[in-house]
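There are 6 protein chains.
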Amino acid sequence: MQLALSTWQEVEDYLRTQSGVIVPIGSVEQHGPNGLIGTDHLCAEVVAKGVGDRIGCAVAPTLAYGMSQHHLGFTGSATLRPSTLMLVVRDVVQSLAVHGFRRFFFINGHGGNVATVTAAFDEIYAEMSLGRSEVPVRCRMTFWSSGPRGKVLAEELYAGVNGHHATASEVSLAQYYQPGAIKHAQMTPKVAPTAPQFFEAADYRARFADGRIGSDPSLSSPEHGKRLYDAAVDDMVEAYQAFMAY
Amino acid sequence: MQLALSTWQEVEDYLRTQSGVIVPIGSVEQHGPNGLIGTDHLCAEVVAKGVGDRIGCAVAPTLAYGMSQHHLGFTGSATLRPSTLMLVVRDVVQSLAVHGFRRFFFINGHGGNVATVTAAFDEIYAEMSLGRSEVPVRCRMTFWSSGPRGKVLAEELYAGVNGHHATASEVSLAQYYQPGAIKHAQMTPKVAPTAPQFFEAADYRARFADGRIGSDPSLSSPEHGKRLYDAAVDDMVEAYQAFMAY
Amino acid sequence: MQLALSTWQEVEDYLRTQSGVIVPIGSVEQHGPNGLIGTDHLCAEVVAKGVGDRIGCAVAPTLAYGMSQHHLGFTGSATLRPSTLMLVVRDVVQSLAVHGFRRFFFINGHGGNVATVTAAFDEIYAEMSLGRSEVPVRCRMTFWSSGPRGKVLAEELYAGVNGHHATASEVSLAQYYQPGAIKHAQMTPKVAPTAPQFFEAADYRARFADGRIGSDPSLSSPEHGKRLYDAAVDDMVEAYQAFMAY
Amino acid sequence: MQLALSTWQEVEDYLRTQSGVIVPIGSVEQHGPNGLIGTDHLCAEVVAKGVGDRIGCAVAPTLAYGMSQHHLGFTGSATLRPSTLMLVVRDVVQSLAVHGFRRFFFINGHGGNVATVTAAFDEIYAEMSLGRSEVPVRCRMTFWSSGPRGKVLAEELYAGVNGHHATASEVSLAQYYQPGAIKHAQMTPKVAPTAPQFFEAADYRARFADGRIGSDPSLSSPEHGKRLYDAAVDDMVEAYQAFMAY
Amino acid sequence: MQLALSTWQEVEDYLRTQSGVIVPIGSVEQHGPNGLIGTDHLCAEVVAKGVGDRIGCAVAPTLAYGMSQHHLGFTGSATLRPSTLMLVVRDVVQSLAVHGFRRFFFINGHGGNVATVTAAFDEIYAEMSLGRSEVPVRCRMTFWSSGPRGKVLAEELYAGVNGHHATASEVSLAQYYQPGAIKHAQMTPKVAPTAPQFFEAADYRARFADGRIGSDPSLSSPEHGKRLYDAAVDDMVEAYQAFMAY
Amino acid sequence: MQLALSTWQEVEDYLRTQSGVIVPIGSVEQHGPNGLIGTDHLCAEVVAKGVGDRIGCAVAPTLAYGMSQHHLGFTGSATLRPSTLMLVVRDVVQSLAVHGFRRFFFINGHGGNVATVTAAFDEIYAEMSLGRSEVPVRCRMTFWSSGPRGKVLAEELYAGVNGHHATASEVSLAQYYQPGAIKHAQMTPKVAPTAPQFFEAADYRARFADGRIGSDPSLSSPEHGKRLYDAAVDDMVEAYQAFMAY
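Protein chains in written order, with the working numbering: chain A, 22 to 267; chain R, 22 to 267; chain C, 22 to 267; chain G, 22 to 267; chain S, 22 to 267; chain B, 22 to 267.
This is chain A alone, in the form it adopts within the complex (with noise of 0.2 Å):
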């Protein structure tokens, strides 16, 4: 159930029985030469529509931008400041506490976001224990490919090459979603280079000259994006059945 499709009456009848909602999350900047710039956050909707399609969930819009300052070396790409972003996640879930919902499941697709994020959390939770808010939400965020099948296909396709930014399971998935914006590239070296720590962007350029972390993301394609889906899928439905029963 997209909140975005939905009407106010039927988000009505879904709290009479329900109070979880997911929240999909992303980023909007660079991954790589055959990455889209939206990769992250169509992984996280694609995803959370999946799994509201599949169990009936709530599905709340998409945040599509995310911290993303190390990127601003590659054009196109933008970012959410750490505060900037922290207050949205606040009001995002204050609205909705407003009407009843208590559980918050942030599927993510973009390892810059965890620290904001989770300080979001923290934020309001702080409200709650300094004496301030009586409305008791609980937050929690996964990685959409985070779970014991996707990580498994994941190796299974990528034996070791996966990477870590513009990975070749993300890039796929977006192929798989988007299958009209499929983009093709000579990357070299074939498999990018890493490095344990950057820092603000032209740090971060200056590292990883076309964008990837340690991926080979030519080896994506839609048919592995339709495998990791249904892995994903299968993952984030037990993820937030679990999250709801804690």
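Since the hints were made in silico from the structure, they are not lab data.
Wrong hints could be hidden among the right ones.
To be verified - Cut-off 25 Å, straight-line C-alpha distance, at most; resulting in silico cross-link-like pairs (SDA-like, lysine to any residue): (1) K70/A <-> R111/A; (2) K204/C <-> L36/G; (3) K211/A <-> E31/R; (4) K172/S <-> T215/S; (5) K247/R <-> Q199/A.
Fit chains R, C, G, S and B to the supplied structure of chain A, relying on the hints for placement.
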């Protein structure tokens, strides 16, 4: 050219000859008994994509969440506080300006955003006027439905009862964009009441029992939506080009 | 009843029977060659005091500084950032609400304030809509010159050339209020140019060389100011009472 | 030279030879049974204008609202939060610095502003000290009543019972400035109590039943006000010139 | 009773009979040629611990970083912006108030903190005064050196040349507390210059070449420090108890 | 070289050849029945000082207060909100960068800080990536206990029951650093429970009755603490040098 569906190199190429970008912005809020919660951002998005397809200009990912505090009395609505939305607009504009984007054309689907987004523009300009930024960005916001063709058509289709919220025209356009999510509902009275002003969510709900203002969206149809779409794309192409030439 | 000229006991008495208050708001910004930098707040103030004298309603001290970033290219102009002005409006409203004031009628002298102050109102309402405040305040903002009598008179006096900034009517009203500060200046062209949009201060100055927009304030006189004052007080009394009865 | 009553060209001329400006700042808060709510900003304003008239220096529009949280137990008082007032001071200083103003002399009418405005100055300086601003502004704040002549005269007029809030001297000065708003009230005890410290509004009201601290403003008169005005203008001229020469 | 060296159960026991807590606050800033960068927080800390040891009251961990923008011209100094320090004070007070602490006695080692911390207190009180918090906290801030014994002793030891920054007395106290970090340096002139006001870091450095203001810390010794410590602990015990009884 | 125990000239000398600094960061929060509230910042501090003593690198004063909202159900715990702590980190980094410090190595004692401090780093980098700061600072955060020697030793000492909060190893290290504050307490069950996730303070307290997570700190001893200290200093020296060479 949707940024989300492009690679960074494609955007780099685009910026060699152009510096404009469209940012669709909408809301997540009730739209009456047969309107979708996503109506405003869906309408802004479909028109923005249409303009991008027609003339090849860049279209940023949709800002789905807007300023909707007055709708929080209806389940499923979500708001960003004005202060939050202002930071979001600032961050998106500043990010894309890093790459060379200079003109930001916001296609808007929600009246409640106007004050906040205009204030956000002034906050951005204030940094320039106070001598704290040298990057000469310029922003304009326009309703997808405010062009000459769109206004004429809406009047032709719904003479006098298009209304102010959950309008017949926006419901039609959303039906055209999302034909799988067409809803049907009894609405009494047929044409919703109006009021000169409303305040917070409880006040809004007290004045407008089912969420509509002055509209009869039972008149909506996806066929109307197609015609409204064509008119809006024509209007917005013209408006975008006028802004680029300003 | 001006709050500034009252004792706290007098205000306490007032609140036994009434809960409305007028807040004049203006700006500190250039008003062309013969207009005063204080024009906007002086006009809002004199009309607000006139309404207070006429019907005994409370009038808060004037918010002299407004949102004027676009005028910073002209010496002496000062702006509050939109985000600052929003906090000022919030604090004034929340303070007076402590005592029992419930309806805040802002008489405005400056178009540049509209978006920011409207956003401030929504920020205040959002706290209520999000369940974080129980105090039911309501706000409205009106231009001193926007009532029916004022519009007719301005057209009668300056047919077609009242303009959009440094208008003949506001310069006249300020001359009436501050007869010791009437200025004379040559202005070329006689009627200033207009433009559909402006952005930051440098852009504004490039479009409007002496600061005026579309006006011929050489037509101004304190006698006109007196007539405009009477019209505006009549209009604003009516508007205030309509708001109280809403 | 009051900015509010000048044209931008007049201010431009002024800045050819001078770079100082006086900013009057006060409060909107109770001043006991016969003191006006506007006492603090009226006193700061009349003295600032007097200095401007005497030596031709620029005087910005009055910051009427100050930090008055402790007075909110008395009807009609209004406060800016310290964090808000700090932003207001920053914006006013940064705005006027755009034009070339470099020295900001705040004439203050309210003890409660001292900490907040001093913190605001440090916030402004911190940007310079942290290498984020090159504009060398300097600020000083002085009470209108703190000069040598003013102190001697207040002691001469009200030996030992001028007090700390709703003082006889400030009530006198306000009576001189606003002779149409002289109030009369019984006050018991004649000299109000004092206390070494107070906290929030409820605490303040519990300690100071009618709002006064240590004062006997029944001694006030507009004639005293005239003498205090003359002394204060002399004192502040001296203090302003010392600051310009510092 | 230092909170840092206690278990939560010990603090729970404490709060059964008491509700006061001492918060030492200092700075990280230059203290002249033989003074330590940590002087201010070390002095506040050692005195606070002394009071805690003497009478068993709770002592919170030291707020080492203060408002030191004016010292940033000297290597090793660090500042919190005033707005940041205000939030720190707010969070510490609100946190401890959750457990039942009600009276917060700040022992201060740095003049530059006074305005900001006082503004922070008012920000906290403002929430109460505006009806947004019910928790009746009360705060007071005192210099460790401002009690009667301390003032007499400093005058006895350094008649007239204790000074205003990098004072002989604070350097002595730090030497007593940190005997392993006693520094020796030539200082010319022997007694540092003074000035009535300073502004940003560059201005401060221009006025006070080696960082000192009006002091001769070559007179300092750990023996003096011991005597100053004893005096300060006596003074602060008295001041703390007076605050608890207020 | 502790900044707090150095003069500004000593720091100036240091910066002639080095640009790194260690910032210890911890928390003020319960650590179970026999753990100190200061455990986290004491551990970070003692290890940081050990590294500074060993290799002469600069060590800034400890950030004692961290992000501890989830511990507010236990008396004596205090938190900075994530948004506050982010500003603290920003201000400390920006201040020290003024002098030429470029690499900031945070030795952390508290898991709850990770998200917030990482977000703070990104907020700092975002200013660079958005073109608003030219100062190339780089930050890294490491747990004192996360190095290879430390992990091996903890496993050797407390095989499988070191736990996640109020760990045997951190209690031991604090006992070594503060031998005068060793506490003894009965703990039931001997090994505390664990849970995959917790939320706000009430939830945390409900899951972990005496504050511990998965640990048996009755095994702690100052002798263990000494061994853990040596291992941690070795580990952190290595990690600091690796960061400087990165």
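Here is how each hint holds up against the structure:
| no. | hint | result |
| --- | --- | --- |
| 1 | K70/A <-> R111/A | holds (22 Å) |
| 2 | K204/C <-> L36/G | holds (19 Å) |
| 3 | K211/A <-> E31/R | holds (20 Å) |
| 4 | K172/S <-> T215/S | holds (20 Å) |
| 5 | K247/R <-> Q199/A | holds (23 Å) |
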